[in-house]
Amino acid sequence: MLANSYPFLRCFLLAVLICQPGLACAELVVIVNADRNVERISREEVVNIFMGRYRKLADGNAALPLEVKGNAPERRYFYGILLNKSLAEINAYWARLVFSGKTSPPVSVVSGGEVLEGVAGDPAMIGYLDSSLLDGRVKVVYALPEAGLP
Amino acid sequence: MPISFSIDKLARFALGGVLVVYALSAGAKVGDTLWPEVRIRGFGTLGANYHHDDGVRFRRDISQAGGAESGRISLVQDSMLGLQLNVSPHRQWEISAQAVSRLTSEDNFDPQLTWGYIKYKPLEEAALRFGRLGVESYLQGDSAEIGYANLRIRQPIIFYPRTHDGMDAEWSQPLAGGTLRFKGSAGWTQGESVNSGVIYDTGGSELLGAVAEYAHSGWTARLAYYHLLLHDELNDLKPGARLAQLVAGLPNGAAIHETLTLKNRSIDFPSFALAYDAGPLQAQASYSIYSSPHWSMRHLFYATLGYRVGDFTPYLSYATQRTDRKFIATGIPNGAGLDSLNQAATNAQTAFMVNQSDFGLGLRYDFADNMALKFQADHIRYQDPESIVDASLLSQSAENRSTRSLTVFSVALDFVF
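If you read the sequences in order, they're chains A and B.
Its first residue numbered 1, the first sequence is counted upward by one per residue in our numbering.
Its first residue numbered 1, the second sequence is counted upward by one per residue in our numbering.
No lab work stands behind these hints: they were computed from the structure.
Take these hints with a grain of salt, some might be off.
Per label pair, the in silico range of CB-to-CB distance [said to hold, decoys possible]:
hint: 1; chain 1: B; residue 1: 195; chain 2: A; residue 2: 71; range: 40 to 50 Å
hint: 2; chain 1: A; residue 1: 71; chain 2: B; residue 2: 73; range: 27 to 37 Å
hint: 3; chain 1: B; residue 1: 71; chain 2: A; residue 2: 71; range: 51 to 61 Å
hint: 4; chain 1: A; residue 1: 133; chain 2: B; residue 2: 38; range: 22 to 32 Å
hint: 5; chain 1: A; residue 1: 61; chain 2: B; residue 2: 417; range: 51 to 61 Å
Among the chain B residues that face chain A by a calculated CB cut under 7 Å, a handful are [said to hold, decoys possible]:
hint: 6; residue: 142
hint: 7; residue: 206
hint: 8; residue: 275
hint: 9; residue: 279
Predicted model only: the values in this text are computed from it and were never measured.
Don't be surprised by glycine CBs; every beta carbon is placed ideally from N, CA and C.
Make a model of the complete structure from these sequences and hints.
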């Protein structure tokens, strides 16, 4: 909660969290297909999409979330920084929605590379990954934390 | 006309739906690379509870006939296992069936079909579902069985009936950074409840409901209104039953019958809830009213608060249900051997009164990403109980009933897979 109120503290926490063994020292970024007519999205939109509340962007088209499955470091850091929530809390949240038939969690893939391929190959997809994996087929629409967006 | 769905009918309905939606998805192009998708998921709880109040039995909710007895560890009240089969042939279509094995009104663990529907989502904003659906009459009311999704071992107040056969329609819209959601439900309820050892079948009762919910950041505000028209009569009031005969012979029998009858009884259930879930803090508060003609209005309130520290989340909760204790006299003066008749008629009138509160303390330990261990103590005070079975209450007149209490200790292992 404190981190949500102080962008500097969020930057620091992200740096500490991201620079862990098994994950390169880079920032997590939210990406969409490069052909998509969207340049930036807000934190609230990221939350709405990845928490299953509303999955459409300002261009009027669907935004179907894609993420690395299980307890991958990217997933842990993404929800830790975005919502200050543990993976257990996120899983509990999804258990409530999934078993009451409300909506589906993000589609799971095994690696950041698959997130990149999924978004590059399907304009409806949106994902997050380590910025070191970026290429020209996708574009960054949000960086965690917001202050880090170029 | 009430319509009842059998499990067989639903299974055939779902199978037919699978074939139809596969056919419809044959022309899928861009963006459909992840469909069709078939998923099997599950959830469960292995729970134990204990209390040492002689003559009292503790039930998880009113769908259970039996309860945990004094001085013995019961493994059956909270334990359950659920399986969900979900087929998404196309991103606009979904077919789902969910069965849960838990202690039923008939004291067995026979699996029950709790969900079985076809969902069509033509737009991001809109969704329609047809089939067997959960009743979402209060905050998170459609996920009371999913222990892992809840902070407590049991939700503070569990409303019945919990499922209906019919449809619901949902509309969501972003608003000022948050999301506004409307939902309407219609159908016929399904399931049984148990009161004083007598099973009441809610099957075929008409249900109409509406929900408006706004979520922004960690806040959720929710307003709901449900209307239920009960179809079946209470077994004890059916022609020839002992209670029916007793009431019919009383001078004020007609008025007492009006308070007891369930046939064609309409019940209104408005509910307001506010929740905050951000970072390590989780808090909820809910206020509801349960009203029906010839009944005293019941007020239901609960609040829960939890704060995560590492993998541990200590929590506390308070829930109360209050009903005005108004009794209709039989019209027969006490004495001349008729006291027991008056007492029976008065006690019968408490069947739909609930005066019970529950103060709970607990600790949730998320020792894995999909498993949680919970420890909980509930101090329950009751005058007219809902989840407690206390046979000694019937030995005195309900008008002079005192407030009693018991403490229930519970442990549960919740998991999803």
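Results of checking the hints against the structure:
no., hint, result
1, 195(B) with 71(A): 40 to 50 Å, "holds (45 Å)"
2, 71(A) with 73(B): 27 to 37 Å, "holds (34 Å)"
3, 71(B) with 71(A): 51 to 61 Å, "violated (42 Å)"
4, 133(A) with 38(B): 22 to 32 Å, "holds (29 Å)"
5, 61(A) with 417(B): 51 to 61 Å, "violated (34 Å)"
6, 142, "holds (4 Å)"
7, 206, "violated (22 Å)"
8, 275, "violated (12 Å)"
9, 279, "holds (4 Å)"
In this structure, the earlier hints numbered 3, 5, 7, 8 are contradicted, and the remaining ones agree with it.
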